[in-house]
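K.L.:
Residues per chain are reported as follows:
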Amino acid sequence: MTKQRLVTGVLLFTMTGGVLLAGCSSKSDGAQSGTSGSNAEPKKDISVSIYDRGNVSPDEGTIENNRWTKWMNENGPANVKYVAIPRAKPEEKINVLYASGSAPDLLFEYSPKTKDTLQQQKQFMPIDELIDKYSTEYKKVLQDNPALKKAGSKSDGKLYYFGKINWVEPNRGLLIRTDWLKKLGLSVPQTTDELYNVLKAFAEQDPDGNGKKDTYGISLSSNSNFSLKQMFGATSKWVVKNNELALDWDRQKEYYTFAKRLYDEGLIDKDFTTDTNGAKAKQDFITGKVGIYGFLTSDVVTDTLMGTIDPLKKNVSGAEVAFMPYPKSPFGAFVPTFKNPVQMVAAISATAKNPEAVVKYIDFSLKDTTTKALDYGIEGTHYKMTDGCPEIMDAGKSKKQVADLTLDMRMLENIGISYNKCDVPMVAFKSDPRKDEYQNTYDSFRSTYMTFDRGYPELTHSEHMPTPPKDLNAVETNADKAVGDIWLKATVSGSKYSIEQAMKDAQDAWSKAGGAQVEDWYKKWYETDRSNSILADDIFDIAKKQNEQYKKIVQDMK
Amino acid sequence: MRASLGEKWFYIINNIVLALLGLTCLFPLINTIAIAFSDTAAIEAGRVSFYPIGWNTEAFTSLFTGTPIIGAFRNSVVITVIGVVLSMAATIMTAYPISRRIFYGRRFFTLAMVFTIMFSGGLIPTYLVVKSLGLMNSYFALWLPALVSTYNMLVMRTFFENIPSEIDDASRIDGCSELAYLLRIVLPLSLPVIATLTLFYGVTYWNTFLPVLIYIQDTGRFNLTVLVQNMIQSQNLLQELVNSGVTSGVQANVVPESLKAAGVLVIVLPMLAVYPFLQKFFVKGVMLGSVKG
Amino acid sequence: MATVRTSGNSAVMTEESAAAAELQRRMRQAARRRRWKANIPLMLLFIPGLLYYVLFKYVPMGGLIIAFKDYNFFDGVLDSPWVGMQNFETIFKQPQTLNIIRNTIVLSLLNVIVGFPFPILLAILLNEVRRTWYKRWIQTIVYLPHFFSWVIIGGFIFTLFATESGTINQLLKGWLAEPFPFLFNPGSWIAIYVGSGIWKEMGFSAIIYLAALTSIDPSLYESASLDGANKLQQIRHVTLPGISTTIVLLFILAMGRVMEVGFDHVYVLQNAVVSNVADVISTYMYRVGLQGAQFSLTTAMGLFESIVGLILVLSANALARRFDRGLW
Chain A
127 MTKQRLVTGV LLFTMTGGVL LAGCSSKSDG AQSGTSGSNA EPKKDISVSI YDRGNVSPDE
187 GTIENNRWTK WMNENGPANV KYVAIPRAKP EEKINVLYAS GSAPDLLFEY SPKTKDTLQQ
247 QKQFMPIDEL IDKYSTEYKK VLQDNPALKK AGSKSDGKLY YFGKINWVEP NRGLLIRTDW
307 LKKLGLSVPQ TTDELYNVLK AFAEQDPDGN GKKDTYGISL SSNSNFSLKQ MFGATSKWVV
367 KNNELALDWD RQKEYYTFAK RLYDEGLIDK DFTTDTNGAK AKQDFITGKV GIYGFLTSDV
427 VTDTLMGTID PLKKNVSGAE VAFMPYPKSP FGAFVPTFKN PVQMVAAISA TAKNPEAVVK
487 YIDFSLKDTT TKALDYGIEG THYKMTDGCP EIMDAGKSKK QVADLTLDMR MLENIGISYN
547 KCDVPMVAFK SDPRKDEYQN TYDSFRSTYM TFDRGYPELT HSEHMPTPPK DLNAVETNAD
607 KAVGDIWLKA TVSGSKYSIE QAMKDAQDAW SKAGGAQVED WYKKWYETDR SNSILADDIF
667 DIAKKQNEQY KKIVQDMK
Chain B
1183 MRASLGEKWF YIINNIVLAL LGLTCLFPLI NTIAIAFSDT AAIEAGRVSF YPIGWNTEAF
1243 TSLFTGTPII GAFRNSVVIT VIGVVLSMAA TIMTAYPISR RIFYGRRFFT LAMVFTIMFS
1303 GGLIPTYLVV KSLGLMNSYF ALWLPALVST YNMLVMRTFF ENIPSEIDDA SRIDGCSELA
1363 YLLRIVLPLS LPVIATLTLF YGVTYWNTFL PVLIYIQDTG RFNLTVLVQN MIQSQNLLQE
1423 LVNSGVTSGV QANVVPESLK AAGVLVIVLP MLAVYPFLQK FFVKGVMLGS VKG
Chain C
18 MATVRTSGNS AVMTEESAAA AELQRRMRQA ARRRRWKANI PLMLLFIPGL LYYVLFKYVP
78 MGGLIIAFKD YNFFDGVLDS PWVGMQNFET IFKQPQTLNI IRNTIVLSLL NVIVGFPFPI
138 LLAILLNEVR RTWYKRWIQT IVYLPHFFSW VIIGGFIFTL FATESGTINQ LLKGWLAEPF
198 PFLFNPGSWI AIYVGSGIWK EMGFSAIIYL AALTSIDPSL YESASLDGAN KLQQIRHVTL
258 PGISTTIVLL FILAMGRVME VGFDHVYVLQ NAVVSNVADV ISTYMYRVGL QGAQFSLTTA
318 MGLFESIVGL ILVLSANALA RRFDRGLW
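Chains as they are written, first to last, in my numbering: chain A, 127 to 684; chain B, 1183 to 1475; chain C, 18 to 345.
Chain A on its own, in the form it takes in the complex (with noise of 0.2 Å):
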């Protein structure tokens, strides 16, 4: 009895293969008209994935059922059921859902190379069509932003994927002591080698007064190497060179020197390869052992400022702190990553029943009255209005009621576009004394490193670099991985392995790994499809855009 039910399982299974496609080509002459959103239509059933994060207070509920996603049910166009997924290990229940054909209908997710795998598979449906047919407020968005449709369709042209366009703000940074630079009688480095000095007096001369020789420049872990790296144009291993893409074997070799160099000369920790996530590095930094840090952040207020430079101000007396533009290397001046102004998130499963109902409920999260109820609660229990701004009554009770159960029903949100003067650090934390505080760090740095006349230091975001098919992918992590520990090797092994040695056997390693394949499709990939893809050029337009944006809403409203 068991095994019949298997084999019925199994049987089952195999035939959603073949239905999916017969099913796709159907739904579209088989649509009818439903864009009036008439009383009389009964709402149709989808299911919409949501991560849990293991946040959500017993008294509330849980993630997939709680007071917002009764109202989302009550007021949207259709009844959702909302699956969990879980955020450790997101990978694992997704493959499954999707191997045993009971996918969500509407899948939320930022990582491209998931949603790129899925897709490779053709798991997911188009949504050209649907959007055509069926949506209002996306389509517009859609209209409005060509962006958002050259990232989101695949090679086939059709479009895959529903995004967001972000209020583009700098990713990443540096921090430098500044007081040690006083003491030292030294100016912020300018260019790589004025650099380099800045390091050596750092990690030589004593800056934090206390008679020993207990401190260092930089780290060479997490987020500093990468900042590190950026300033030489040397995190992505492409460069366009007439016109073409190739490897870059130069900005390697340069940066290479200059961190080996450092590692030499004890100018850095040297157990950094031990710190994978950055957490040592921090530790030095906030304990006032190292003079120059590079963070990644999400929001500079909360995570720079109140996460890191109060910490240092706290245990070293005397700390000061400044934003440091990337110093200008050989290769030239860069910034550091921006935040990625459109970003794919969400896909319509192949198997969705419903996908009418799963376009007009996206409208829906996109309607003004839904995002501001989902970001800042129920008017009057959560949060009232002052100067036209809302104001959140309750910090402790806003997180618990609304934004640890919303987070991640807002992932379609535009920021980018709706971003307005409520928005401003000075407004947003209007009831914190520290507010002007927070609005300097923020404009500070925004002007440090939101400066156009310098260059993107990778091709484009790495989130829209194209993938792979799927063994191509493995041998680029392969030859990659080879590569990388021939480099790191060579870093930390003193006189024993040279840069020179180190690069002859790097460019052996990929070779015979099989990189010239990887460099070929790759190749072909800038010469033929980079017209569908959005590289810096695009970055930059549009975080020009929205510094114009910014500084007219800041302007309005001395």
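Hints may contain errors.
To spell it out: a stretch of chain C is covered by chain B in this simulated footprint if at least three of its residues, at any positions, have a beta carbon under 8 Å from a beta carbon of chain B; those stretches are [what the hints assert, rightly or not]:
1) 66-77
2) 138-151
3) 167-178
4) 198-212
Among chain B residues calculated to face chain C with C-beta under 7 Å, some are [said to hold, decoys possible]:
5) Asn1196
6) Gly1204
7) Pro1210
8) Ile1284
9) Thr1298
10) Phe1301
11) Gly1304
12) Pro1307
13) Tyr1333
14) Glu1360
15) Pro1374
16) Val1375
17) Pro1458
18) Phe1464
Here are the simulated BS3-like pairs of lysine-lysine, each with C-alpha atoms no more than 27 Å apart in a straight line [unchecked claim]:
19) A:Lys415 to C:Lys190
20) A:Lys677 to A:Lys561
21) A:Lys239 to C:Lys190
22) A:Lys196 to A:Lys170
23) A:Lys615 to C:Lys152
24) A:Lys284 to A:Lys248
25) A:Lys638 to C:Lys110
26) A:Lys607 to C:Lys190
27) A:Lys615 to C:Lys110
28) A:Lys284 to A:Lys649
29) A:Lys596 to C:Lys110
30) A:Lys396 to A:Lys326
31) A:Lys630 to C:Lys110
32) C:Lys190 to A:Lys649
33) C:Lys190 to A:Lys622
34) C:Lys152 to B:Lys1462
35) A:Lys561 to A:Lys670
36) A:Lys276 to A:Lys596
37) A:Lys339 to C:Lys217
Derived from the structure by calculation, the hints contain no laboratory data. Note that this is a predicted model, so its numbers are computed, not measured. Even glycine gets a Cβ: it sits at the ideal position worked out from N, Cα and C.
Let chain A serve as the given structure and place chains B and C on it in line with the hints.
P.N.:
Same frame as chain A, now just chains B and C:
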């Protein structure tokens, strides 16, 4: 029986060696407790090692009021207790027959089961089987696929086989049936191995992670391990997405180190409590006296 | 069938032997029937386990065919295209593959061979403790590290063995000219890897041996000591033989898991400098397999590991059978 001088030295050195070992093994627990009660700034500055700095019980208050940990704890207990009962019963029922020399196909079955230690279909095929049995979202999806651990079962078989044959012969002379022999003689003599396997299954079910992740849909039915992992991984969200190329529009859900440590403690402390209780069953010389008469 | 013998008593003998043969036959028949009758409750008992193994172990094993296919979600297990040995070719053609397999085997053999005696030793030492309360306490404490994840334990290891600020290097400051890069030197890295694995698991692994030790008749110790055996001799001649069946069992099973170098342990401890000894199958698969959802490749590699494990288990068991201690 007086211990000789040599023996006395042996005992002293033995105790010292074990004490040193014990101290090193204790350190992770002490450190985790210290972190759970420390202030975040002190933790990030790397100052916390043996004792809490900046006494702070916020981790526990947010853990118990801001996360579904109490429900998850209950779930973990249910999954563990019922799982252990089911698994022990099934293991005994599997190990006993193949420990009996007269059992038909004994060698074949043993080999077939050992084979499954090395060969496994993998996650997706097992998932498909479980799904087709209609076990989705049920705790039976956690118990049935893990019902018998071949490793544990073989340990039990070895114990059964080690029961002196005189007892076996004596029982046969007394006309004892196989079932009665099992229940009245073998099991009471096997208390140490039963206690051991209860502990092993208990630990496995208590810490089960991936099956809960993929088979249980309602987050309210999650167990401690998945919940705590969700909390820990949410923290790494920003870094992990960065590694896969995503850096923007992502709000990092900052989970303080102390909260993570508190979660780990809730999972580990019950293990600390259970083992001493089971040690009582490690009774020496249970066999003694059972052969007489 | 009685053949005519040229003997005077042939008729009498054949009758007797016929009767004897008939009696033997009846006895054998009766014995068979007894055995059959005794087997019935055993077979009934065995049914749930049998069902379990068939349903949850052998049926999913059918999924191993994806090692020979190019599996994707769309086509599913049955319909994905066959590619024969291509997956294996892809894996073995990669230049690092042989290195990775070698690392896996070296690390896990070290784990097994070096690590195997420690839990036994620990159990024996614990067994010798006179005061029960002390024994119980130490037993419980020593099994704790098993429950902490490698992420946490890895942090402690780094603090201990870091080059510049590590505890060990600080202590050795006076003796060494330069701090020793424990974690970057392949030899010392392997030692730390194996040692930390032993330390973390020995308390938990000792539990089985502790249980086994209880089944040794205490009077054997008494008579051994009366015969003049000291502690060590007693351990050699009473304790070890007493738990020998358990030791052999666990050793054979350990052979079956030789290719399973645990992912977390290596992933946390490895770094780029020692990657040519520290990169193993599981970390390789994580890099390439999981992120690309390369199920066919991972299954193929897993199949290879399983076959190696099988060969080792069969060999170990054959060896054990020579000493009359085979598993089957």
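K.L.:
Now tell me, hint by hint, if it's right for this structure.
P.N.:
Tested hints:
1. A count of 10 residues in the stretch 66-77 of chain C with a Cβ less than 8 Å from any Cβ of chain B is obtained; the coverage claim is therefore met, three being the minimum.
2. Given as covered by chain B, the stretch 138-151 of chain C passes the check, having 7 residues with a CB less than 8 Å from a CB of that chain where 3 are the minimum.
3. Restraint check on the stretch 167-178 of chain C versus chain B: 3 residues with Cβ-Cβ distances below 8 Å, three needed, restraint holds.
4. Counting residues of the stretch 198-212 of chain C whose beta-carbon sits less than 8 Å from any beta-carbon of chain B gives 0, not enough to reach three: the coverage restraint is violated.
5. Because the smallest distance between the Cβ of asparagine 1196 of chain B and any Cβ of chain C comes to about 5 Å, under 7 Å, the interface hint for this residue holds.
6. For glycine 1204 of chain B, the interface hint holds, since its Cβ comes within 7 Å of a Cβ in chain C; the closest pair sits about 4 Å apart.
7. About 5 Å separates the beta-carbon of proline 1210 of chain B from the nearest beta-carbon of chain C, less than 7 Å, and the hint is met.
8. Given hint, isoleucine 1284 of chain B at the interface with chain C, holds; its Cβ is 5 Å from that chain's nearest Cβ, closer than 7 Å.
9. Because the beta carbon of threonine 1298 of chain B sits about 4 Å from the nearest beta carbon in chain C, less than 7 Å, this interface hint is met.
10. Given hint, phenylalanine 1301 of chain B at the interface with chain C, holds; its Cβ is 5 Å from that chain's nearest Cβ, closer than 7 Å.
11. Interface hint at glycine 1304 of chain B: satisfied, since its Cβ lies 6 Å from the closest Cβ of chain C, which is below the 7 Å cut-off.
12. Because the smallest distance between the Cβ of proline 1307 of chain B and any Cβ of chain C comes to about 3 Å, under 7 Å, the interface hint for this residue holds.
13. A hinted interface residue such as tyrosine 1333 of chain B counts as satisfied when its beta carbon comes closer than 7 Å to some beta carbon of chain C; here the least separation is about 6 Å, so the hint holds.
14. Look at glutamate 1360 of chain B: its Cβ gets to within about 5 Å of chain C, closer than 7 Å, so that hint holds up.
15. Hint on proline 1374 of chain B holds. Least Cβ distance to chain C is approximately 4 Å, under the 7 Å limit.
16. With its C-beta approaching chain C no nearer than about 6 Å, valine 1375 of chain B sits inside the 7 Å limit, and its interface hint holds.
17. Interface restraint check: proline 1458 of chain B against chain C, minimum CB-CB distance 5 Å, threshold 7 Å, status holds.
18. This hint holds: phenylalanine 1464 of chain B has a C-beta 5 Å from the nearest C-beta of chain C, less than the 7 Å allowed.
19. Straight-line distance between C-alpha atoms of lysine 415 of chain A and lysine 190 of chain C comes to about 21 Å, which keeps the hinted pair within the 27 Å bound.
20. With a C-alpha separation of about 18 Å, the suggested pairing of lysine 677 of chain A with lysine 561 of chain A holds against the 27 Å cut-off.
21. Distance check on the hinted pair: lysine 239 of chain A and lysine 190 of chain C sit about 47 Å apart at the alpha-carbon level, beyond 27 Å; violated.
22. Of the supplied pair hints, the one linking lysine 196 of chain A and lysine 170 of chain A holds, its CA atoms being roughly 15 Å apart against a limit of 27 Å.
23. For the proposed pair lysine 615 of chain A and lysine 152 of chain C, the alpha carbon gap of about 47 Å is over 27 Å, so the pair is violated.
24. With a C-alpha separation of about 12 Å, the suggested pair lysine 284 of chain A and lysine 248 of chain A falls inside the 27 Å cut-off, and the hint holds.
25. A distance of roughly 11 Å separates the Cα atoms of lysine 638 of chain A and lysine 110 of chain C; the hinted pair therefore holds under the 27 Å criterion.
26. Of the pairs offered as hints, the one joining lysine 607 of chain A and lysine 190 of chain C is violated, with about 35 Å between alpha carbons and a cut-off of 27 Å exceeded.
27. The straight-line distance between the Cα atoms of lysine 615 of chain A and lysine 110 of chain C is roughly 25 Å, inside the 27 Å bound, and the hint therefore holds.
28. For the hint pairing lysine 284 of chain A with lysine 649 of chain A, the CA-to-CA distance comes to about 22 Å; that is within 27 Å, so the pair holds.
29. Between lysine 596 of chain A and lysine 110 of chain C, the direct Cα distance comes to roughly 16 Å. Compliance with the 27 Å bound is thereby established for this hinted pair.
30. Straight-line distance between C-alpha atoms of lysine 396 of chain A and lysine 326 of chain A comes to about 15 Å, which keeps the hinted pair within the 27 Å bound.
31. For a cut-off of 27 Å, the pair hint linking lysine 630 of chain A to lysine 110 of chain C stands: about 22 Å separates their Cα positions.
32. For the hint linking lysine 190 of chain C to lysine 649 of chain A, the alpha-carbon distance of about 53 Å lies beyond 27 Å, and the restraint is violated.
33. Taken as a hint, the lysine 190 of chain C and lysine 622 of chain A pair is honoured in the structure, with Cα atoms around 24 Å apart against an allowance of 27 Å.
34. For a cut-off of 27 Å, the pair hint linking lysine 152 of chain C to lysine 1462 of chain B stands: about 12 Å separates their Cα positions.
35. For the given pair, lysine 561 of chain A sits about 26 Å from lysine 670 of chain A by alpha-carbon distance, which is consistent with the 27 Å threshold.
36. At most 27 Å may separate the alpha-carbon atoms for a hinted pair to count; lysine 276 of chain A and lysine 596 of chain A meet this at roughly 23 Å.
37. Straight-line distance between C-alpha atoms of lysine 339 of chain A and lysine 217 of chain C comes to about 37 Å, which puts the hinted pair past the 27 Å bound.
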